[in-house]
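Student: Sequence:
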Amino acid sequence: MRLNQFTFDVCSIIQPANQIKMPSNGDIQYTFRNFKNNQIISDINYFPEANECHCHIYSYPYTLTYYHNITNNFPGGLFKYVRQVSLYDEYPFEHDFFLRITQSFPCMEN
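With UniProt numbering, letter number 88 in the sequence shown gets 88, and the count goes up by one each step, no holes.
If you're looking for bench data, these hints aren't it; they were derived computationally from the structure.
All C-beta atoms in this analysis are idealised placements derived from N, C-alpha and C, irrespective of residue type, glycine included.
Derived CB-CB ranges, DEER-like:
(1) Pro-23 / Asn-69: 16 to 22 Å
(2) Asn-72 / Asn-37: 27 to 33 Å
(3) Phe-32 / Asn-69: 16 to 22 Å
Full structure from sequences and hints, please.
Tutor: Listed below in structure tokens is the structure:
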């Protein structure tokens with residue numbers, strides 16, 4: 001028996017951020033190179049004021065109903081099952097960011 005598809009959403013917060021070397025998005029993609037039936041999205045953000053690193057890795061298409069801690073570096077995409085989102089960043093969100101959010105989450109309720 002073989003697993004043909006694996007759906008996941010992993011978010012790690014590392015604090016203090018200066019204690020560990022974070023992998024690049026390329027490193028993360030290489031780690032999942034054998035996941036032939038999945039597209040893997042990764043997003044790494046460093047927040048100097050909080051001295052935190054956030055690493056978010058998930059399978060795409062994204063089938064969960066929530067997407068938490070969206071940052072200004074949000075990679076985009078279509079998330080048709082997501083009903084609930086939350087935002088997190090140390091820098092203000094601009095108007096264009098919210099336009100991307102409304103396009104990416106057409107079924108968002110709150």
